[in-house]
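Here the UniProt record's numbering is used: position 62 in the sequence shown is 62, and no number is missing along the way.
Just to be clear, a hint being listed does not mean it is correct.
Label-pair distances were calculated between CB atoms; the ranges are [unchecked claim]:
no., residue 1, residue 2, range
1, Ala61, Ser194, 18 to 28 Å
2, Gln226, Glu155, 18 to 28 Å
3, Leu158, Phe238, 20 to 30 Å
4, Lys159, Asn50, 27 to 37 Å
5, Asn82, Ala177, 24 to 34 Å
6, Glu25, Asn82, 31 to 41 Å
7, Asn82, Lys120, 20 to 30 Å
8, Glu243, Asp17, 16 to 26 Å
9, Asn112, Lys240, 39 to 49 Å
10, Lys159, Asn28, 20 to 30 Å
11, Lys220, Thr22, 46 to 56 Å
12, Lys21, Glu85, 18 to 28 Å
These aren't lab readings, by the way, just hints derived from the structure by calculation.
All residues carry an ideal CB built from backbone N, CA and C; glycine is no exception.
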Amino acid sequence: MIIDVDLMVHPYLRRSDDTDKTSEEIINNVAKLLPRLHVMVIGPGLSRDNMMLECAKGIIAKAKEKDLPLVIDADGLYLIQNHPEIIKGYPNAILTPNVAEFKRLCEEMKINFEDNHKDKMAGLLSQAFDGVTIVQKGQYDLISNGNEVFKVDNEGGLKRCGGQGDILTGLIATFMALGSAYHNKLWQHDNLISPSEVPMLASYAACTLTRECSRSAFKKFGRSVQTSDMINEIGPSFKKLYERSELVENDNKL
């Protein structure tokens, strides 16, 4: 298999049957990288191997010590489902469950589907996690920090591609990193957005952008559309949705 992307790989994480190191050694190696990160994504490609999950638990703990933004998806949600205490009460975390993952998290946190309206569920789950931002993916996306709910229902493509959720996770992480850069004053601004608002805004921007990428790619390729086609639409879709013309004209790159 050929992977045609730019990767920087640190080969620290290992499955139980492919390492002679302890989980503590692996966690400490990864922890050395954390000061260089603006955000961390945990879950895609993780697997449910015991060593991998144990390392992920330790890495999350180290990231929380540095108040590092976390976006958790895929098998990372399986970890949270079984150990909700490791993320509960951490406001700088975002969980991105699909329909099945969302239901399992609700069951773990004792939230009854039958007793609540669908549009209230994301808020209830966020409250159960003491303020962790929830991105409930579906026909439309619901985003909540337990206090407010954003609904994203702009038009997407008519086909959902495998890996589309990974694109969303990556885009949320990107906008969270921009939020960190914003509060570190990497460019001049009036500082009107508080840090507590960033997870909701980043999630909203990413959900909207993912749907626009899907819509645009489907318009070009129809039923043959693939996730790679969506990736190629990120730049043009971002420009369409978010770039101001004066920034482009002045070549003011952020």
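Results of checking the hints against the structure:
Between Ala61 and Ser194 the C-beta distance comes to about 26 Å, which sits within the given range of 18 to 28 Å. A hinted range of 18 to 28 Å holds for the C-beta pair Gln226 and Glu155, which are about 19 Å apart. The hinted window of 20 to 30 Å between Leu158 and Phe238 holds, with their beta carbons roughly 22 Å apart. About 36 Å separates the C-beta atoms of Lys159 and Asn50, a value consistent with the hinted range of 27 to 37 Å.
Asn82 and Ala177 have their C-beta atoms about 28 Å apart, which keeps the hinted 24 to 34 Å range intact. The beta-carbon spacing between Glu25 and Asn82, approximately 23 Å, falls outside the hinted interval of 31 to 41 Å. Separated by about 25 Å at the C-beta atoms, Asn82 and Lys120 satisfy the suggested range of 20 to 30 Å. The supplied range of 16 to 26 Å is broken by Glu243 and Asp17, whose beta-carbon atoms lie about 47 Å from each other.
The given range of 39 to 49 Å is respected by Asn112 and Lys240, whose C-beta atoms sit roughly 41 Å from each other. Take Lys159 and Asn28: their Cβ atoms lie about 44 Å apart, and the range 20 to 30 Å is violated. Between Lys220 and Thr22 the beta carbon distance is about 49 Å. The supplied range of 46 to 56 Å therefore holds. For the pair Lys21 and Glu85, the beta carbons lie near 26 Å from each other, so the given range of 18 to 28 Å is met.
In summary, the structure is inconsistent with hints 6, 8, 10 from the numbered list given earlier, while agreeing with the others.
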